[in-house]
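Protein chains: 2
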Amino acid sequence: MSNMYDSAYDIEKAIRNSVEFKELVESYQSVMNNNESKQLFEDFRDTQINLQEKQMQGVEITQEEIEGARQIVEKVQQNEMISSLIEKEQRLNLMINDISRIITKPLEELYDN
Amino acid sequence: MSNMYDSAYDIEKAIRNSVEFKELVESYQSVMNNNESKQLFEDFRDTQINLQEKQMQGVEITQEEIEGARQIVEKVQQNEMISSLIEKEQRLNLMINDISRIITKPLEELYDN
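In order, the protein sequence lines correspond to chains A and B. For the record, in the first sequence the residue sitting at position 28 is 28 according to the working numbering, with numbers rising by one throughout. For the record, in the second sequence the residue sitting at position 86 is 86 according to the working numbering, with numbers rising by one throughout.
Hints may be right or wrong, so weigh each one.
Claimed, not checked - Listed below are the simulated EDC-like cross-link pairs for lysine to aspartate or glutamate, each with C-alpha atoms no more than 16 Å apart in a straight line:
| # | chain 1 | residue 1 | chain 2 | residue 2 |
| --- | --- | --- | --- | --- |
| 1 | A | 88 | A | 46 |
| 2 | B | 54 | A | 60 |
| 3 | A | 75 | A | 46 |
| 4 | B | 22 | A | 108 |
| 5 | A | 54 | B | 53 |
| 6 | A | 13 | B | 108 |
| 7 | A | 105 | B | 10 |
Hints in this document: simulated from the structure, not taken from any laboratory. Bear in mind that the values here come from a model prediction, so they are computed numbers and not experimental data.
Isolated chain A (complex conformation) (with noise of 0.2 Å):
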């Protein structure tokens, strides 16, 4: 059992100290020293939220936040820092759901059979 927590903070350490997380904080910390970067990803964050927010909720979603979502992606994507950092967030999550995957295992074959 403590050998399990053990592995688990080998990993957080190992996660910590990668190149991946350490892109991730160097791009993050650009975004959010910029003032007009900092405010569109929040924007956009805020954006993310709320939709999903109303999708688990099953509230209907409006024409007008549809619109207003896809013009923050463009501008979002048109930002080469918060770009740069979506990147860098998707190439860490790719990380952290390999090894979610392998520690789930067990339980993935149990209710396949």
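The hints should help you fit chain B onto chain A, whose structure is shown.
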């Protein structure tokens, strides 16, 4: 990097060898070896998945569906084999959530600042 995946495989092995996982497997097999419990458990799972999917897609859930789900939950609660299985699933999920929380701590800290 390789270190990270080695640790993930260590956790996988530790989960597989844990009392919690072994009890879950036993519990699952007991349910699967009993026709009535197996059918009820599958109905319960299908209902859950169906409602979750509707919620994700923003499709309205009818009063009848809510009532149907309530009745299945009631039957499940009265079925000792399935109640025990659900309890064992929850115990294992707590363990996996603890591990996930440790692993994703670097990300959480980054975004909390």
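Tested hints:
With a C-alpha separation of about 19 Å, the suggested pair residue 88 of chain A and residue 46 of chain A falls outside the 16 Å cut-off, and the hint is violated. About 12 Å separates the Cα atoms of residue 54 of chain B and residue 60 of chain A, which keeps this hinted pair within 16 Å; it holds. Under the criterion of a C-alpha separation no larger than 16 Å, the hint pairing residue 75 of chain A with residue 46 of chain A is consistent with the structure, at around 15 Å. Restraint check for residue 22 of chain B and residue 108 of chain A: satisfied, since their Cα atoms lie roughly 14 Å apart, inside the 16 Å limit.
Distance hint between residue 54 of chain A and residue 53 of chain B is fulfilled; the C-alpha atoms sit about 14 Å from each other, no more than 16 Å. A C-alpha spacing of about 14 Å is found between residue 13 of chain A and residue 108 of chain B, which places the hinted pair at or below 16 Å, so the restraint holds. Straight-line distance between C-alpha atoms of residue 105 of chain A and residue 10 of chain B comes to about 12 Å, which keeps the hinted pair within the 16 Å bound.
Comparing the model with each numbered hint stated earlier shows that hint 1 is the single one that does not hold.
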